[in-house]
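Peer 1: Take 1 as the starting number for the sequence shown in our numbering and just add one per residue.
The set of hints was computed from the structure by calculation and includes no laboratory data. No residue lacks a Cβ here, since even glycine has one placed at the ideal position from N, Cα and C. Please note that the accuracy of each hint is not assured.
[Claimed, not checked] Taking CB as the label site, the calculated pair distances span:
no. : residue 1 : residue 2 : range
1   : 105       : 142       : 21 to 29 Å
2   : 95        : 3         : 32 to 40 Å
3   : 69        : 106       : 18 to 26 Å
4   : 69        : 236       : 19 to 27 Å
5   : 95        : 230       : 19 to 27 Å
6   : 66        : 18        : 38 to 46 Å
7   : 65        : 20        : 38 to 46 Å
8   : 93        : 176       : 34 to 42 Å
9   : 189       : 50        : 32 to 40 Å
10  : 144       : 106       : 19 to 27 Å
11  : 189       : 3         : 32 to 40 Å
12  : 144       : 174       : 44 to 52 Å
[What the hints assert, rightly or not] 16 Å max Cα-Cα, derived EDC-like pairs, lysine to aspartate or glutamate:
no. : residue 1 : residue 2
13  : 25        : 98
14  : 243       : 143
15  : 204       : 22
16  : 29        : 102
17  : 61        : 128
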Amino acid sequence: MNYLSDKEFQRYDRQIKIFGIEAQKKLKKSKVTIIGLGGLGSASATYLAALGVGNLRLVDKEKVELSNLNRQVIHWTTDIGKLKTLSAFEKLSKLNPEINIETLNLGVTEENVHEIIKDSDLVMDALDNWKTRFIVNDACVQDKIPFIHAGVREFQGQVFVVKPREGACLRCLLPKIPKEERDVPVVGPIVGVVALIQTVEALKLLTGFGQPQISILLFYDARIQGIEKIKVKKSQKCPVCSKFG
């Protein structure tokens, strides 16, 4: 549907005043796949729903645990033991009943990734391991779907916007899969800040309002409240871009 109801005009009034009705219609028509419903995915899903992104696909295979609750704000104490997809669906459908929410309770593999991201206008990386991030990155480049990576450790985090055919991908930035680390130390508010930087970039990509930071690594350091921007060039040696990009 290419129109906004009276309720939607009221709900989104403050942001329509900034970027206009046509941008809001673009959000309503958009489909965003969020892979991972931990700290990053919790915050980005909440704000994408509040913005009025009309179709959200939520992907995660895990259940809520007590140790999640310092940063995964969409999940509450009463949700412990519940599937994260179900917990998130319950909150988001109450927050904004005007949008469509699809849940996939599964992990991402090389075999199913293309099916998971199909028909998406944008994919959000809210993952906690590099192997899966690379799988998603590779599939998005191959399928020409914009992809936004985000990651956090301790008081620092990064966001990287990938727009296939127009710039570098995650493998151009990191040729080899970084060493995995279990139970990464992290502070909840830092996760929130990084997730919302990621969400702002999503807003820009979906609406065309503002300038998406394509191929620019945004490195956030909460200790000094600073953001460093590092331009990343497409690598001729990248196994993904050299083949598909």
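Peer 1: Would you mind marking each hint as holding or not holding in the structure?
Peer 2: Comparing the hints with the structure gives:
1. In this structure the hint that residue 105 and residue 142 lie 21 to 29 Å apart at CB holds, the actual value being about 25 Å.
2. In this structure the hint that residue 95 and residue 3 lie 32 to 40 Å apart at CB is violated, the actual value being about 22 Å.
3. About 23 Å separates the C-beta atoms of residue 69 and residue 106, a value consistent with the hinted range of 18 to 26 Å.
4. The hint said 19 to 27 Å for the Cβ distance between residue 69 and residue 236, and at roughly 45 Å that hint is violated.
5. The hint said 19 to 27 Å for the Cβ distance between residue 95 and residue 230, and at roughly 35 Å that hint is violated.
6. Take residue 66 and residue 18: their Cβ atoms lie about 39 Å apart, and the range 38 to 46 Å holds.
7. Under the hint 38 to 46 Å, the C-beta atoms of residue 65 and residue 20, about 42 Å apart, fit the expected range.
8. At about 40 Å, the CB distance of residue 93 to residue 176 agrees with the hint of 34 to 42 Å.
9. At roughly 19 Å, the beta carbons of residue 189 and residue 50 sit outside the given window of 32 to 40 Å.
10. Between residue 144 and residue 106 the Cβ separation comes to about 23 Å, which falls inside the hinted range of 19 to 27 Å.
11. Against the hinted window of 32 to 40 Å, the Cβ-Cβ separation of residue 189 and residue 3 comes to about 38 Å, which satisfies the hint.
12. Roughly 21 Å separates the CB atoms of residue 144 and residue 174, a value that falls outside the hinted 44 to 52 Å.
13. The straight-line distance between the Cα atoms of residue 25 and residue 98 is roughly 13 Å, inside the 16 Å bound, and the hint therefore holds.
14. The hinted pair formed by residue 243 and residue 143 meets the criterion: a straight-line CA distance of about 12 Å does not exceed 16 Å.
15. Straight-line distance between C-alpha atoms of residue 204 and residue 22 comes to about 13 Å, which keeps the hinted pair within the 16 Å bound.
16. Restraint check: the Cα-Cα separation between residue 29 and residue 102 comes to about 15 Å, which is no more than 16 Å; the hinted pair holds.
17. As the CA atoms of residue 61 and residue 128 are separated by approximately 13 Å, the hinted pair is consistent with the 16 Å bound.
Checked against the numbered hints listed earlier, the structure breaks hints 2, 4, 5, 9 and 12; every other hint is satisfied.
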